[in-house]
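> Sequence:
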Amino acid sequence: MLLEASNRIGGRVYTVRDEFAGQTETVERGAQWVHG
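Residue numbers (the UniProt record's numbering): 1 to 36.
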């Protein structure tokens with residue numbers, strides 16, 4: 001059984017795609033540092 005406290009599956013970092021000035025921008029949200 002998997003129980004999540006939010007309406008999506010995943011950790012604290014998630015990707016948001018928004019449109020700014022006619023271009024689609026990708027922003028990683030939810031954490032201060034993303035190590036990869």
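Treat the hints with care, since some could be wrong.
Derived CB-CB ranges, DEER-like [as the list claims (entries may be wrong)]:
1) W33 with R8: 33 to 41 angstroms
2) E25 with M1: 35 to 43 angstroms
3) A5 with E28: 16 to 24 angstroms
4) L2 with Q23: 20 to 28 angstroms
5) M1 with Q23: 39 to 47 angstroms
6) E25 with L3: 26 to 34 angstroms
7) N7 with E28: 14 to 22 angstroms
8) I9 with H35: 36 to 44 angstroms
9) A21 with M1: 24 to 32 angstroms
Hints in this document: simulated from the structure, not taken from any laboratory. Ideal Cβ placement from N, Cα and C applies to all residues, glycine included.
> Mind listing which of the numbered hints don't hold for this structure, in increasing order?
1, 4, 8 and 9
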